[in-house]
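J.: Those protein sequence lines, which keep their order, are chains A and B. The first sequence begins at 1 in the UniProt record's numbering and counts up one residue at a time. The second sequence begins at 1 in the UniProt record's numbering and counts up one residue at a time.
Keep in mind that the hints were calculated from the coordinates and are not lab data. Please read these numbers as outputs of a predicted model, since none were measured by experiment. Treat the hints with care, since some could be wrong.
[Stated by the list, open to error] Which stretches of chain B does chain A cover? Using the computed rule of at least three CB atoms under 8 Å from a CB of chain A, they are:
| no. | region |
| --- | --- |
| 1 | 46–56 |
| 2 | 61–74 |
| 3 | 106–120 |
The beta carbon of each residue, even a glycine, is placed where N, CA and C say it ideally should be.
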Amino acid sequence: MTDFPAVHPEPVPVLALGDILLVTLRGDLYDGAAEQLQYDITQRIANSPVPVGGVVIDLSGVEIVDSFLGRILAEIAASARLLATRTILAGMRPAVAITLVELGLTLPGLDTALDIDRALALLGRAPSVVRPATAEEGA
Amino acid sequence: MHAPLTPTTRLPIGSDADLAWLRQHVRQCAADLGFGLVQQTKLVTAASELARNTLVHGGGGHVEITTPADGARRGLRLSFVDNGPGIRDVDLALTDGYTTGGGLGMGLSGAKRLVQDFVLDTRPGLGTTVTITEWVSGFPAPRPGVR
């Protein structure tokens with residue numbers, strides 16, 4: 001009973017939700033796509049017409065984080081910080097957390113949250129702002 | 001050691017697409033053998049680190065995958081083979097934080113910590129083979145001295 005995760009050689013989309021940038025990583029990421037994402041996020045922060053209130057990276061669909069992806073995530077957070085924006089990693093799986101600790105990558109300085117709602121709360125945003133439950137409720 | 005139950009599978013390591021395919025293949029094999037989720041995750045992560053070393057430091061190579069049996073125990077064994085420059089100072093290369101490739105220097109040392117059995121064979125100028133073996137435990141990897 002194993003389902004193959006999808007492999008995504010293509011770029012990862014960076015979504016804007018209000019002034020928050022949301023990135024959802026899924027399945028397996030090519031090294032090149034991870035490096036492209038690092039560039040895309042910093043460009044989006046630098047070129048945004050309004051100050052970016054934070055970057056949330058949803059890892060709930062990611063099955064492994066190795067030292068390469070760990071370094072990319074840490075560098076995204078570090079460059080976002082230099083551009084006056086916080087980055088929160090959301091939804092890391094327990095098996096991934098255990099593996100990262102044994103690997104020796106505890107990523108100090110990276111903010112984490114158990115899920116996207118809590119990540120938004122850390123950034124001072126109400127989750128409902130980015131969750132249009134019904135069309136009528138929106139805005 | 002008994003003979004492998006299945007023939008050796010050989011996959012190339014020559015691009016980051018190969019790394020992604022290898023991770024999927026290893027996860028599938030580990031799941032089929034009955035590894036738990038944490039054990040699967042550790043093994044795939046170790047495989048990813050070693051495959052990237054083969055690609056970046058060894059100039060590419062291949063991985064050989066076998067499923068050895070030891071009595072009733074079944075395992076998964078991965079050998080990462082390259083014909084690159086080899087590792088001059090193995091102790092140094094296995095030190096946390098030591099890097100020649102622009103990474104965090106956790107690849108080799110981290111991979112060693114993630115698996116039950118780790119063997120590094122390197123000859124300067126002739127290449128490097130790293131072989132890791134993980135046995136189905138159903139529990140977190142047993143560690144001497146813990147509890």
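J.: Looking back at the numbered hints, which does the structure fail to meet, lowest number first?
T.: As far as the earlier hints go, only 2 is violated by this structure.
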